[in-house]
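For the protein sequence lines, the chains are H and X, in the order given.
Following my numbering, the numbering of the first sequence begins with 1420 at its first residue and continues without gaps.
Following my numbering, the numbering of the second sequence begins with 10 at its first residue and continues without gaps.
No lab work stands behind these hints: they were computed from the structure.
All C-beta atoms, glycine included, are put in the ideal place defined by N, C-alpha and C.
Any given hint might turn out to be false.
Stated by the list, open to error - Chain X stretches covered by chain H per the calculated footprint, using a threshold of three residues with CB under 8 Å from any CB of chain H:
{"#": "1", "region": "148-160"}
{"#": "2", "region": "376-386"}
Said to hold, decoys possible - DSBU-like, lysine-lysine: derived pairs with alpha carbons at most 30 Å apart:
{"#": "3", "chain 1": "H", "residue 1": "Lys1696", "chain 2": "H", "residue 2": "Lys1730"}
{"#": "4", "chain 1": "H", "residue 1": "Lys1718", "chain 2": "X", "residue 2": "Lys365"}
{"#": "5", "chain 1": "H", "residue 1": "Lys1730", "chain 2": "H", "residue 2": "Lys1718"}
{"#": "6", "chain 1": "H", "residue 1": "Lys1821", "chain 2": "H", "residue 2": "Lys1618"}
{"#": "7", "chain 1": "H", "residue 1": "Lys1741", "chain 2": "H", "residue 2": "Lys1718"}
{"#": "8", "chain 1": "H", "residue 1": "Lys1730", "chain 2": "X", "residue 2": "Lys365"}
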Amino acid sequence: MTEDIEDFVGRVRAFLDEHASRRETDAVGVWGQGKDHTGYFTDDPSDVEKAKVDAARAWQRTRYENGFGWITGPAEFGGNGLTTTHDLMYDLIESEYDVPDTGVLSLIGLGMIGPTILAHAREDIKQRYLPAMYSGEVIACQLFSEPAAGSDLAGVQTKAVRDGDIWRVNGQKVWTSVAQHSQIGMALCRTDPDQPKHKGITAFLVDMSAPGVDVRPLRQMSGGAEFNEVFLTDVEVPDDHRLGEVDGGWAVGMTTLMNERASVSGESDGPVTRAQKPEFLGGLLRATGHQSDAAARAKLGALVADLTAAKYMGTQSLRRMKAGSQPGPEASVGKLRWAQNLTRIAHLATDLVGPKAMADTGEWGTYSWNELLLSSPAFRILGGTEEIMKNILGERVLGLPKEPSSDSRTPFNELRRSGNPS
Amino acid sequence: MSTPAISHAGAHELDDLRSSVRALLATASDHEAVRAALDTEAGYDTALWNRLAQELGVHALAIPEQSGGVGFGLTELGVAFGELGRAVVPGPYFSSIALAANALLASGDVDAQDTHLPGIASGETVATLAVIEDAGNWQTDGFSTSASPNGSNWSLTGRKLLVTDGADADLLLVAAQTPAGPSLFAVTADAAGLTRTALITLDITRAVATIEFDTTPATLIGAEGSASGILDDVLVRATTLLAGEQVGGARACLELSVDYARERVQFGRAIGSFQAIKHKCADMFAAIEVADAAAREAARALDGFEDSPEPAVAAAVAHAVCSDAFMFVAAETIQVHGGIGFTWEHPAHLYFRRAKSSQLLFGGPAVYHERVLTAHGI
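Looking at chain H on its own, in the form it has when it is part of the complex (with noise of 0.2 Å):
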């Protein structure tokens, strides 16, 4: 019998009341007040950034430590056997309280990857990772991305060479957010080029420890280094460490990617939030003197419209999964929106605080919207670029028909591939 969901809340509470303490959300939105920033990217020293995470892995300490670790999960692997109904409520009870942010653990580990070891891991693995990761203990990171595998996942290039029972794995992926703080890695690699893309391909759990890991940092346009390259070389992962078949990744990344569209239109407490407020963006209009502007008021007017629609929308899409359903296409549809909008308030308010946007003057809620302003490109392109997502809709939802080609038949081999024109 599952756990009635209103006993579940109480339980939540409770435990929340005794460990936490509720989050002032007064000021929020409130104009010329917090903290000068509009980013969706943080650019933290190390040492604050080592104590964020340090922070991140004691909450999960604690959750775990009182069956708040793993909602969902299995009771053999740490799990508290629960349904995604009380995993959302318990995230939306959370969210009411002043926690330490647990994204570095969550968003890749805990949220995709840990289901991607129950669902592919051998047993021995199970037990050896998935309590680790759902107590804090052990990161993961997503090594799928590489700089000729964007969009086109299945182009991965890394390979995977078998020496009985170890692979020696030769090759470079990008974009990897939180390698710096991981124990494991989930590496998408090449093992027989002879196939056709999809066909070729193995995942592996890849200690981020071994010999032959070398993850650097790579700097973003704007100006921090959130994400990473990491240069395998030589890397000796033990056959036991294989997720699924040989041959059969493909399947094993797609249970990955199929757990990361829920979250990456989630929204988090932050500068981002703050900026898509009304009451935010009209202190805005006002202090930069365009309250009586009409061209000004005609272009705030529609953006307000388009992002209290897409908050509406949010909100009916968490009703619908309060009563128990799964999200539709509208997590895709949010996360096109949520980049356009953050996009067109980026513009919007940099235009209507004109020249002091050029440089820093020291004065509050001017030179800072930069930091959303050069966030805004990621927003089109992290977790599914915009073309890709239009696809998804347009072939997934509407059922138009896919663009004809022949890349999914061809041996990897023999395709044409970035830098090494045929």
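On the provided structure of chain H, position chain X as indicated by the hints.
Same frame as chain H, but now just chain X:
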């Protein structure tokens, strides 16, 4: 407002309502039937009007039970308007059920409700609301149409523009100025001193008239000087129903586009396999999903559901987002179709015309975007 508590249909009932209206319209009002109806003297299918009113009770959905209605809210009526919009049905549905009925409800005038609502609910009475004057915009005060006492009654003098279904309505609700302020009046079709002129319209499925009043006998509705509040209320409710209708129209356009993109072959491929077309369709879908959410949320808010946004905010947002979305989708539909979409025979222009006309009905983008800011206190 003296509207009694409303009841709500469950999810299954809403689905049943949607599918029964859709089924009737699919057989009785396909695009060919719409064209045929436009060529009749009435300009719409009066038999369909009666069937929707009497067989399905569409007109009565959001009218309280004691006035001959079903007693549901805008959530339920919005579903019916979605289907009417989807099939781009001509006829005075919006004028009578969305504008006039809501004006009577907002007036709090029980006598007027008892007199007029049962007829609107049964479909016997076609009613409309006359607000706009020479300025060409929806307004709630400062009318140049004036009303003066005439014995126990009133008489109206002035001119109203852009009155939807104004030439043929049995009952006109008219906003006019008295010394006490803007007030609402009822004028019957047979009243003396009434001149009604049907106009050529952009949206050929929605009739529009100019109405002149020359000491025309009229009955006061609600308190003298109370029309501003009534009209504010009507605007919020009518634009929410219009939003439902706009989403329905946009969905029909997307279906036409997707069906065509799957069948039409050029360069040896279905054109829907080209990303240029596929992404247009995805953009249309995204716009509709957001608009649909806004329209539903506004109806929910006005129906007083728990966990709803401020009704004035939700209605302003829905009107803006659904107006923009329908116009965008209707325009892109023609582009997906190419040349065939530009022909008179193709239904795309019916939606295109409806989309622009609906977008402008209550003032247009400049007005509705400003209204969104005002509702948010900006």
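Status of each hint after checking the structure:
{"no.": "1", "hint": "148-160", "in the structure": "violated (count 0)"}
{"no.": "2", "hint": "376-386", "in the structure": "holds (count 8)"}
{"no.": "3", "hint": "H:Lys1696 with H:Lys1730", "in the structure": "holds (10 Å)"}
{"no.": "4", "hint": "H:Lys1718 with X:Lys365", "in the structure": "holds (19 Å)"}
{"no.": "5", "hint": "H:Lys1730 with H:Lys1718", "in the structure": "holds (18 Å)"}
{"no.": "6", "hint": "H:Lys1821 with H:Lys1618", "in the structure": "holds (19 Å)"}
{"no.": "7", "hint": "H:Lys1741 with H:Lys1718", "in the structure": "violated (35 Å)"}
{"no.": "8", "hint": "H:Lys1730 with X:Lys365", "in the structure": "holds (26 Å)"}
The structure does not agree with the numbered hints 1, 7 stated previously, though it agrees with the rest.
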